[in-house]
Structure formats: C-alpha cells, structure tokens
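Participant: Sequence lines, in order, name chains A and B.
Each residue of the first sequence is one higher than the one before, counting from 1 in our numbering.
Each residue of the second sequence is one higher than the one before, counting from 1 in our numbering.
One or more of the hints may lead you astray.
Short, incomplete list of chain A residues facing chain B, as computed with Cβ under 8 Å [claimed, not checked]:
{"id": "1", "residue": "45"}
{"id": "2", "residue": "108"}
{"id": "3", "residue": "188"}
{"id": "4", "residue": "192"}
Hints listed in this document are in silico derivations from the structure and should not be mistaken for laboratory results.
Heads up, the beta-carbon is just placed ideally off N, CA and C, and yes, glycines get one too.
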Amino acid sequence: MKVRFWGVRGSIPVPGRATNRYGGNTSCVEVRPRAADPIIIDAGTGIRHLGKALMEGSFGDGRGHASILISHTHWDHVQGLPFFSPLYRAGNQVDIFARQRDMHLEAVFSQQHDAAYFPVPLSAMQAGMNFHELVEGARFEIGKARITCARLNHPWVAIAYRVDVDGAAVVYCADTAPFTDMLLGRDFIERPSFGTLPPPVQDELAAMRAGVVALARGADLLIYDTQFTPDEYKVRPHWGHSRPDDAIEIAREAKVKQLCLFHHAPLRSDDENDAILARYREVAAPEAFTLVSAYEGLEIPLGDQ
Amino acid sequence: MKIKFWGVRGSIPAPGPETNRYGGNTSCVSVTTAAGKLIIIDMGTGLMHLGNALMAGAFGKGAGTATILLSHTHWDHIQGLGFFPPVFIGGNQFTVWGPGRSPHVLEEILEGQMDPNFSPLQSLRNFSAKFDVRAALPAFEAEGLRITTREHAHGNTRALSFRIDENGRSFVYASDVGYPESGPEPEAIAHYAGADVLLHDSTYNPQDQATRRNRGFSSYEDACTAAIAAGAKRLVPFHYDQDYSDDAVDGIVAACRALLDPHGIAVTPAREGDELEI
C-alpha cells in the first residue's frame with residue numbers, strides 16, 4: 001500500500017509563504033491498498049485536492065468507490081467534504097465511517113450543508129453515500145483491508161484507526177491529548193487545572209492508553225497528533241492534543257517501525273516544524289523506530305507494492 | 001478611513017505557493033475610521049490573522065470595541081470566528097450586524113458553527129467577550145459612521161452589501177453578488193454610486209462565469225460594468241476563486257485595467273496584507 005498526505009494541519013487551514021513546504025491544508029490522509037479503492041482518513045481541506053486527483057481516474061467517469069474514515073467531526077476533519085469533487089458525479093460511491101453521535105451521522109454531516117452555510121445540500125450530492133456508525137473497538141473490512149479502531153482522549157470523543165493490508169499496517173492517531181492529566185469528554189473546560197485525578201478517571205485514561213498502544217502494536221507507520229510543544233501543552237491541556245514526547249512513548253511501547261508527526265499547529269512555520277523534527281530526531285535517536293514529520297505530498301510505501 | 005485586506009479568497013481557503021502573492025485566506029477586511037474605530041467586514045479565515053494583530057493593542061487587555069458587518073453566513077464568511085483570539089478576552093465588546101429578519105435567527109446560525117459535534121468551543125456563550133448579534137437595518141450607525149446596506153441575490157440565497165460613508169468619502173463592500181443576466185440592477189448601482197472605493201466580487205473570469213452563473217458570483221466583467229455604471233473612482237477586485245493561481249488573478253487585474261482605464265477608474269486588487277487609504 002501507499003500512504004499519502006493531502007492535509008497535515010490542525011485547527012484551521014493556513015495559507016501563506018510560511019507554510020509552503022509542509023502545507024496549510026487541514027487533515028486528510030490517503031491509504032491506497034495495492035490495486036484497490038482508496039481508503040481516506042479524515043476530510044479536512046486536503047481532501048479537495050485528493051478529490052481532483054481521483055477525478056482523473058475512474059471517479060471522473062462515475063465508476064469510483066472510496067471509503068472515508070472520520071476520526072471525529074470537528075471542522076478541521078470534515079470541512080473539505082463539500083469540496084470533494086467525486087461526490088458531484090453520479091455513479092460514484094462513497095462510504096463514510098465515523099463514531100456514533102447523539103444523532104444519526106447523516107444528520108451531522110447534513111448540518112455542514114445547511115442552506116445557511118453552504119449552497120448545495122448533502123441530499124443533492126450525485127454520488128451514492130452510505131453512513132456507517134462505529135463504536136470503540138469496532139472491527140470491519142473494506143475490500144481486503146482490515147480496519148480496527150480505538151477511543152482517543154479528545155473533547156466530544158475522537159477515534160484512532162488501524163488499517164492492515166498488503167502485509168503492512170498503518171495507524172492514524174489524531175486528535176488526542178495524552179492520557180495523564182485530564183479525561184476529555186462532553187464537558188466544556190474553561191480553565192484547566194492540573195492535580196490528582198480520582199482513581200476511576202485514572203483507570204479510564206489508563207485503559208484508553210492501553211487501547212491505543214494495542215492498536216498501534218507492531219505497526220509499520222504510526223501517524224500521531226503532535227500539535228503542541230511541551231510549553232504549549234502546559235497552558236492548553238484541555239484542547240485535546242499531544243506533544244512529540246507523548247507520541248514517542250506510545251511508539252516505543254507499541255514497537256512501531258516508523259513514527260510520523262502530524263496535525264501541526266496552524267501558526268507553526270515551516271522552519272519551526274524543521275526545528276521540531278531535528279530536535280526530536282535527537283531525542284528519538286536511541287529508539288528502534290524512525291521519525292518523520294508529515295508534509296503535503298509526502299508518500300510512504302508500506303508492505304507489498 | 002483605512003482599509004486592510006486579511007482574506008481575499010472565495011469558498012474555501014487555498015494554501016500553497018500558487019496563492020502566495022494574493023493570499024489564500026477567506027474573506028475578511030478591516031476598516032479603521034479617521035477616529036481610530038474598528039469595523040470588521042466578514043469573518044473568513046483572514047479573521048484569525050487580524051485577531052492576532054489586534055491582541056497587541058487594546059483587545060489584548062480586554063479593552064477593545066469593534067463592529068462586525070457580516071455579508072452572509074456561508075462558511076467562507078464565518079469560519080474564522082472560532083479562531084479570533086479577542087473573543088476569548090473578557091471586557092472586549094463586539095456588535096455583529098448581519099443578514100436576516102431576526103437577530104435570534106442569525107445568532108442560532110452562528111451558534112450552529114460552535115455545535116459540540118463540530119467545535120470544541122461548544123457555544124457562543126463560551127466567549128468571554130460581549131458578542132451582541134443584530135439584524136442589519138437598511139441604514140444604521142456604527143462606530144460613529146453611517147452604514148447603508150443592500151440585500152442582494154447570491155445564488156439561491158441572499159447576502160448584504162455595505163456602504164460606509166465618512167467625511168464625504170465612501171467605501172462599498174459588495175462580495176458574493178450574483179446579478180441577473182441583464183447585469184447589475186439599478187438598486188445596486190444606486191448603492192455603489194460615486195464610491196471612492198468599490199470592493200466588488202470578482203470570483204470568475206467570463207468563461208467560468210458562463211457555466212457557473214447559478215452559483216451567484218460575479219465575473220470581473222460584472223464588477224467593471226458595475227464600477228462604470230456607478231461612477232466609482234476605484235475598483236477593488238475581491239473573492240477570487242479558490243482554484244485561481246496568482247498568475248490567473250494577475251490576468252483578472254490586467255483585464256479590469258483594460259476595461260476601466262478608458263473611464264478613468266483606478267484598479268487596486270485585494271491582496272492579503274495590503275492597505276488602502278481613502
């Protein structure tokens with residue numbers, strides 16, 4: 001399979017000279033099993049460009065099939081979907097997978113297309129669309145690929161995905177806070193406080209962390225939310241993002257082969273991203289895995305080609 | 001008054017080297033009055049960068065006040081709001097004037113953007129600043145200046161254009177405007193009449209406009225037609241299509257100049273970071 005990055009940014013798209021090299025589009029990763037339909041993870045603004053590329057092939061003739069795995073429905077992970085060209089071509093089929101919400105997934109995604117916000121309703125999309133609701137621990141297959149998922153520590157809940165295909169495994173772990181300082185869920189936290197957590201909360205976080213390590217066990221590539229530097233995390237632990245240090249710990253325990261820093265902070269310049277990668281390559285030098293940082297256009301071949 | 005461009009792009013932010021010169025952020029313009037008051041027009045992703053700049057002044061201390069004029073609530077005109085740091089500082093005050101017959105309906109639409117399924121902010125009520133939403137009137141006063149609005153067609157919805165007059169000088173913001181095939185309506189021309197600066201939707205070139213007229217945007221030709229009919233002194237092309245590279249926008253600007261030079265109308269393209277004094 002091939003893994004290709006179309007959007008690597010968190011929170012909000014950031015055009016401009018300072019992001020030319022890593023890219024300013026929000027999260028979107030394409031997993032392309034050998035001789036099979038694309039499996040897309042998240043639908044940030046990067047999916048607009050992936051959509052254009054797909055239209056050059058069978059999707060342009062209305063004969064394409066894509067599956068989209070959504071980590072969670074925060075804007076930076078869904079805002080590109082209304083601009084995904086294959087949806088506007090009859091005959092294409094798009095399957096969307098996401099964690100169960102209070103209301104049906106189709107209703108959640110329809111809100112983005114409400115007439116107040118966007119001129120074309122979701123119901124007017126020409127492609128066939130199916131919505132598949134997931135819960136933590138779900139296992140299913142897309143073609144010859146096996147998909148598993150685990151819960152992450154993020155406001156209103158996100159899930160990580162593992163895709164096993166062509167004799168290799170890629171794990172997408174965004175967005176998540178570390179599993180140490182607070183349990184993020186439905187509550188709005190205005191001012192975070194660090195302190196000793198009640199034992200049941202500690203247990204829940206420990207179980208969540210164990211689930212992530214198990215999901216990533218032996219993976220060829222682990223893509224991990226590393227939006228924050230350690231200093232930034234200290235003031236925003238409730239935003240639901242990790243540091244490279246957290247990703248390195250998980251990668252070590254899960255014995256992955258390669259770790260990829262991902263979901264870069266919007267105001268992080270290319271030069272700052274270079275410096276972060278250089279610093280953490282030193283930190284990770286003794287580790288058994290290699291370290292890369294995601295940029296738009298990065299393609300990583302894994303397993304059978 | 002001083003006008004500054006923070007986001008000039010339509011539909012969706014367009015990062016990449018090919019948009020470096022004009023900019024890839026969605027719609028946001030600031031107007032600083034002669035008295036130093038702030039009016040913000042539209043809240044696309046450019047608003048985040050305006051907000052970061054404002055934090056160095058009174059807004060960083062919770063002592064800032066601004067009026068926000070909202071043309072309509074399509075994503076590219078509101079998606080910067082959750083990333084506008086001044087709304088998280090108590091003491092700052094914002095008055096938003098936007099489309100709709102009722103401020104309640106407009107507030108619910110903005111609230112929908114903060115829905116916990118989509119935003120960690122969960123609600124406008126989690127803003128620390130005062131955020132007062134009102135339905136724009138045909139004419140009203142804000143920051144000591146008279147604002148007149150016109151409701152116009154924008155595809156299958158409606159949007160507002162704004163005219164700001166100060167000391168005999170005038171600035172018109174007319175984005176996301178779809179005219180009938182016969183061209184700009186007399187009401188539109190009356191709203192723009194004699195403007196010192198007419199900032200106008202120039203999303204498409206005429207070829208693309210021909211196949212996308214139902215989307216409710218203007219071509220640069222529509223913008224020039226409006227500028228000539230209204231006797232505007234300067235046209236600012238704005239809201240470029242997300243797929244247009246800098247070179248394509250250069251072509252739009254050159255074509256505008258060719259059409260407007262014979263009429264003595266100047267052309268200053270909207271470009272992120274640029275300022276224009278009237």
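Participant: Kindly indicate which numbered hints from before are broken by the structure, ordering the numbers from low to high.
Facilitator: 4
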